[in-house]
Amino acid sequence: GAVVSQHPSWVICKSGTSVKIECRSLDFQATTMFWYRQFPKQSLMLMATSNEGSKATYEQGVEKDKFLINHASLTLSTLTVTSAHPEDSSFYICSARESGALTEAFFGQGTRLTVV
Amino acid sequence: GNSVTQMEGPVTLSEEAFLTINCTYTATGYPSLFWYVQYPGEGLQLLLKATKADDKGSNKGFEATYRKETTSFHLEKGSVQVSDSAVYFCALSDRNNFNKFYFGSGTKLNVKP
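Protein chains in written order, with this note's numbering: chain A, 18 to 133; chain B, 71 to 183.
Just chain B, with the same shape it has in the complex (with noise of 0.2 Å):
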């Protein structure tokens, strides 16, 4: 089946500190992968995407590189800012499976001034 691992949180870092948030996956077909960023009280904003292998989706300083070999998304920023801190959540789409999305456990991120 599909499922999506993220982990733990919260994670709290000082600004302008180097971010990483792990994310594996496991999918029966060949999924899209994305980040989505949800602040506090809100809906979810996409923040990333790639479709396939070795594609790198990027925005707002934030990267993820679509490893195949090792079925991980791990999302990255060399520069936190304040404005960073929300939950970020790992998600995958299956297109075999009428599109359905599959959400980690999202990763809450504090960061301190």
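Next comes chain A alone, as it looks inside the complex (with noise of 0.2 Å):
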């Protein structure tokens, strides 16, 4: 299957500093990908979905200034987290759909952020 790597894999960083996470399709375009955030031992919530070329769509309580994301060509998409304070430790995750299709989604690997 399609291969979409997330960099890096885990993160520690101090409070007030910001954090750039990187998601890639690597053997495919992707117009749209997606990023999630996993609390411990709870399921997958969805905080946006990147269009390439515009304005990122967000979930619902997401705040937009806080985890900035940049889907700058059809194969990178990144998410900042601005200013972190250990609230937003966490696990991150990408997915990406091939451009067109309606097939799964490809995840990445995920990326453990700690701030402390």
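Possibly wrong hints are sitting among the right ones.
[To be verified] Partial list, computed: chain A residues near chain B (C-beta under 8 Å):
1) Phe51
2) Ser60
3) Leu61
4) Leu63
5) Thr66
6) Gly78
7) Ile110
8) Ala122
9) Phe124
10) Gly125
11) Gln126
If you are wondering where the hints come from, they were derived from the structure by calculation, not from laboratory data. Ideal Cβ placement from N, Cα and C applies to all residues, glycine included.
Mind docking these for me? Both chains are given alone in their own frames, and the hints should help you get the complex.
Structural data, given as structure tokens:
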């Protein structure tokens, strides 16, 4: 199947700093990518839908200014957690679908963010 | 709206036991249904899928049938292995809503030797 690579796999940062997470589709083009957050022992919560060349669509309750999403190309979307706080510590997962395909989404391996 | 409900875990079984993880859904349109598996510290991997009513998805001994009449997509395996220990997520994808995925809460499976 298609491969989605997420980087870094884990990151520790100080409170108040910003962290960027990358999501790349390695062997296909993805018009749309999705960003999820997963709390311990819980399901995935969709944060936003990232569309190539346009603004991301955020789910209700997700702060746009805190979680900046950029989808500059058909193979790369980035999530930047700005002014991180300990409560932002979580597992972040991206997924991508091939452009025009009504098939399953492929998921990255996730990024474990710890804010100290 | 769209939602997925799956049985709470954890589910603990002995090796070679029969597995069923229940999943029901509500949807406004005609969704596709999926089971994903997550191993510790990793992302999600597609296990199987079904795109229309009465379709059966199968992979690695796991099966699930898309039942429109009962709005269900229960996951089954005849004989589990220790290596099947993971968290299983049922999900639906709504093609009328930007193909967003809606996930169930996940069910942790522990298989003991």
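How the hints compare with the structure:
1. With a cut of 8 Å, the hint placing Phe51(A) at the interface with chain B holds, because the nearest CB-to-CB distance is about 7 Å.
2. The interface hint given for Ser60(A) holds, since its Cβ lies 5 Å from the closest Cβ of chain B, which is under the 8 Å cut-off.
3. With a cut of 8 Å, the hint placing Leu61(A) at the interface with chain B holds, because the nearest CB-to-CB distance is about 5 Å.
4. Because the closest C-beta pair between Leu63(A) and chain B is about 6 Å apart, less than 8 Å, the hint holds.
5. Proximity of Thr66(A) to chain B holds as hinted, the smallest CB-CB distance being about 6 Å (cut-off 8 Å).
6. At a threshold of 8 Å, the smallest CB-CB gap from Gly78(A) to chain B is about 15 Å, leaving the interface hint violated.
7. Proximity of Ile110(A) to chain B holds as hinted, the smallest CB-CB distance being about 5 Å (cut-off 8 Å).
8. Of the supplied interface hints, the one on Ala122(A) holds, with its beta-carbon coming within about 6 Å of a beta-carbon of chain B, less than 8 Å.
9. Hint status for Phe124(A): holds, given a least beta-carbon distance of 4 Å to chain B, under 8 Å.
10. Interface hint status for Gly125(A): upheld, as the beta-carbon distance to the closest one in chain B is roughly 5 Å, under 8 Å.
11. Hint status for Gln126(A): holds, given a least beta-carbon distance of 4 Å to chain B, under 8 Å.
In terms of the numbered hints stated before, the structure departs from hint 6 and from no other.
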